[in-house]
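First to last, the protein sequences are chains A and B. To convert, take the position in the first sequence, counting from 1, and add 22; that gives the numbering used here. To convert, take the position in the second sequence, counting from 1, and add 22; that gives the numbering used here.
Since the hints were made in silico from the structure, they are not lab data. Worth double-checking, as some hints may not be accurate.
Copies of one chain are not kept apart here, so a pair can be met inside one copy or by any two copies together.
Each computed DSBU-like pair below joins lysine-lysine, with the alpha-carbon atoms no more than 35 Å apart [said to hold, decoys possible]: (1) Lys183 with Lys29; (2) Lys351 with Lys124; (3) Lys312 with Lys356; (4) Lys365 with Lys146; (5) Lys86 with Lys266; (6) Lys46 with Lys316; (7) Lys148 with Lys222.
Number of protein chains: 2
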Amino acid sequence: MLRDKNKTLIPEGFLFSVGEAAIKKPGRKDIALIYSMTEANTAGVFTTNRVKAAPVKLDIEKIKSGKGQAIIVNSGNANACTGRKGMQDAAETALLTAKNLKIKPSLIYVCSTGVIGTPLPMEKIKAAIPLLTTNLGRHTLRNIASAIMTTDTFPKVISKKVKIKNRTGILAGICKGAGMIAPNMATMLCFILTDIAVEKRTLSRAVRDSVRKSFNRITIDGDMSTNDTTLIMANGMLGNAEIKENSASYKIFKEALDEITYGFARLIVKDGEGATKLIAIEVEGAADEKEAEKAAFAVANSNLVKTAAYGNDANWGRIMAALGYSGIKFNEEKVSIHIGNIKVVNNGIGTGKDAEANDYLKKNIEVSILIDLNKGAASAKVLTCDLTEEYIRVNAEYRT
Amino acid sequence: MLRDKNKTLIPEGFLFSVGEAAIKKPGRKDIALIYSMTEANTAGVFTTNRVKAAPVKLDIEKIKSGKGQAIIVNSGNANACTGRKGMQDAAETALLTAKNLKIKPSLIYVCSTGVIGTPLPMEKIKAAIPLLTTNLGRHTLRNIASAIMTTDTFPKVISKKVKIKNRTGILAGICKGAGMIAPNMATMLCFILTDIAVEKRTLSRAVRDSVRKSFNRITIDGDMSTNDTTLIMANGMLGNAEIKENSASYKIFKEALDEITYGFARLIVKDGEGATKLIAIEVEGAADEKEAEKAAFAVANSNLVKTAAYGNDANWGRIMAALGYSGIKFNEEKVSIHIGNIKVVNNGIGTGKDAEANDYLKKNIEVSILIDLNKGAASAKVLTCDLTEEYIRVNAEYRT
Chain A
23 MLRDKNKTLI PEGFLFSVGE AAIKKPGRKD IALIYSMTEA NTAGVFTTNR
73 VKAAPVKLDI EKIKSGKGQA IIVNSGNANA CTGRKGMQDA AETALLTAKN
123 LKIKPSLIYV CSTGVIGTPL PMEKIKAAIP LLTTNLGRHT LRNIASAIMT
173 TDTFPKVISK KVKIKNRTGI LAGICKGAGM IAPNMATMLC FILTDIAVEK
223 RTLSRAVRDS VRKSFNRITI DGDMSTNDTT LIMANGMLGN AEIKENSASY
273 KIFKEALDEI TYGFARLIVK DGEGATKLIA IEVEGAADEK EAEKAAFAVA
323 NSNLVKTAAY GNDANWGRIM AALGYSGIKF NEEKVSIHIG NIKVVNNGIG
373 TGKDAEANDY LKKNIEVSIL IDLNKGAASA KVLTCDLTEE YIRVNAEYRT
Chain B
23 MLRDKNKTLI PEGFLFSVGE AAIKKPGRKD IALIYSMTEA NTAGVFTTNR
73 VKAAPVKLDI EKIKSGKGQA IIVNSGNANA CTGRKGMQDA AETALLTAKN
123 LKIKPSLIYV CSTGVIGTPL PMEKIKAAIP LLTTNLGRHT LRNIASAIMT
173 TDTFPKVISK KVKIKNRTGI LAGICKGAGM IAPNMATMLC FILTDIAVEK
223 RTLSRAVRDS VRKSFNRITI DGDMSTNDTT LIMANGMLGN AEIKENSASY
273 KIFKEALDEI TYGFARLIVK DGEGATKLIA IEVEGAADEK EAEKAAFAVA
323 NSNLVKTAAY GNDANWGRIM AALGYSGIKF NEEKVSIHIG NIKVVNNGIG
373 TGKDAEANDY LKKNIEVSIL IDLNKGAASA KVLTCDLTEE YIRVNAEYRT
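With the rest of the complex left out, here is chain A (with noise of 0.2 Å):
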């Protein structure tokens, strides 16, 4: 079983390199190149944000192939709201990144993070490509994954062995996240690399549904990015049959993949700007899913929620208020609510439990907020974290 020197279990025929391009200071590493040694089937989900990051707008170009061989990532710059400029540059980053690997530049993906509206100093970047290249190799997928830190305050990595028939595969995956998740993974980047043979279409499919349920499903302040992205590349270098939506071996890695992108998501919402708790809304005995969807959203999105958790109060009036502008309709008289496992609404009306889910907040830094509207039998959970002054702090202070 490959692993590197972070003992992270590596899929056969990935390479990784990072470098020094300066580009919003010095002294850190703000670049990486991630390289499949063969053609891989590739797939991707890419921010909703109608103002698209000039990256963004070229990946989805290039996914229509379903062919990729190559990322290159930096954090730093966004190159967002960069016009035509930011167009050519990110081309031109994925021109270079083409001649220097010797690989066609449709099979180049290029991925930006960090401030809006400034344009990539592209000087920098040129002049950090060739060296990525050499030293494809030299470097871990954690190394990677602190490369496209931007607020995030670790790096996060996942790897899992898949057995498929007797071969046994590997699906690994690194992830940054931090400030401005919302539905639609905002400011997020997602890379997963696998050595299974999967279908092209079916590669698609799979992610878009992985992603659904997870990254689409948490949420940090309910602002949205410009710049997330999710892509797959699967290389085929576990030399197993492809493996289409009808195979038998489908669940096994849909199952591994959910896995993936579900603790990723865990992963960004814990590590939510100044976060200090992990809060899981679950909404229950709704009409449809995207009923429960949407009442989940709203708890979660709610400032006044998000506060009250962080200041241990179990003030379920702040939950009832946002289920009743969430759009959604439902009997208030019906409404059970649970703070952990202790009801602390029942029919609409608090049982008076109010000290003891306090207490249940004080002594959790994961909790969970169960709402049961009683009236269908769909549900849907979401993700989010609490509210504190230390995310005013980073994001009063993000450029300065």
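Since the structure of chain A is already known, use the hints to place chain B on it.
Same frame as chain A, now just chain B:
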């Protein structure tokens, strides 16, 4: 011209009193009575939150008559999510007040603000009502504005003269706001009193339209309360011919009403929990007013935009991102953004004047952001405030 001890202009025939009911804690005025010596045409606008407090449900029924003579209001307890008991308590409050005032219960409006989910301490309220009646005339409108404050830092009173033909009428109002203010006037109470005679349907239409352009265009944290109420009473004691929509005087009356509601909307945002800056966000060049409003609210509700304003950071990328997820359609390359008089974005690209705009933010406590979509002729302006550590502190500790 009638002025009370606080020099507030007071319309003819209205009397006020405040009392101590120790609803949340003893030692502060927390209950108040507004009384008109004659029956008044009365109109109101209420929260659109699906979860409505008991007094709101009661008042929505009463307002159908278009008549009223008194308002009894308490702070410290919202009487929301209190089930059947809450409805009984609100009705009993009206009944007791009516008995003491010797008028019909249907003419009494009940309002509550404060914590959600705790039953009203009815014994304390019952004990306070007789004294409120006895003391009518001994207190000022400003005393009432103080008694209904929750997290407000100052009482909000506005009054003005209105010339109706050869007579001079008065419009006087009080208001409370602070946190949880969102589109549709959340946790907001506003009472406007006038001696000008206004026909009841005209009064109703006028107040609805004024609220739409004032309280419904402000946001502090995007949350929306269960108790919001605006009531207007016109007792006609000025003796003018009743104003109807086609009256010559209608425009004059309506302008005065607009000035009062917009004035209060501004005061509420200035007094937003923890706010240090008032931010006016205007979107112009939209296809229609609704689209302009939607875009302006997305920007106004963005925690990232609000924290950037707090940090004096002209981070227009966050404004672009918020426009991008607002749900409206626009061409990124046509957008221009002004922060104050400084054009920071032209055709979707930064103009390089961020330092100048930072300086403008640093030097002003009332700032403006103007976004031009350059697609149509419609516009809308939304008022909001910045998001600060103090907001977190106030809301994390609200019940403790």
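Going down the list of hints, with the structure as the test:
1. In the homo-oligomer, the alpha carbons of lysine 183 and lysine 29 lie at most 35 Å apart inside one protomer (13 Å), although the nearest pairing across protomers, at 78 Å, exceeds that limit.
2. Neither within a single protomer nor between protomers do lysine 351 and lysine 124 lie at most 35 Å apart by alpha-carbon distance, with minima of 58 Å and 41 Å respectively.
3. For the homomeric pair lysine 312 and lysine 356, the shortest alpha-carbon distances inside one copy (19 Å) and between copies (34 Å) are both at most 35 Å.
4. Taking the shortest alpha-carbon separations for lysine 365 and lysine 146, only the inter-copy value of 29 Å comes in at or below 35 Å, while the best intra-copy value is 57 Å.
5. Proximity of lysine 86 and lysine 266 under a CA criterion of 35 Å is satisfied intra-copy only: 18 Å inside one chain copy versus 64 Å between copies.
6. For the homomeric pair lysine 46 and lysine 316, the shortest alpha-carbon distance between copies (34 Å) is at most 35 Å, but the shortest distance inside one copy (38 Å) is not.
7. Taking CA atoms no more than 35 Å apart as the test, lysine 148 paired with lysine 222 passes inside one copy only; the shortest distance there is 32 Å, against 73 Å between copies.
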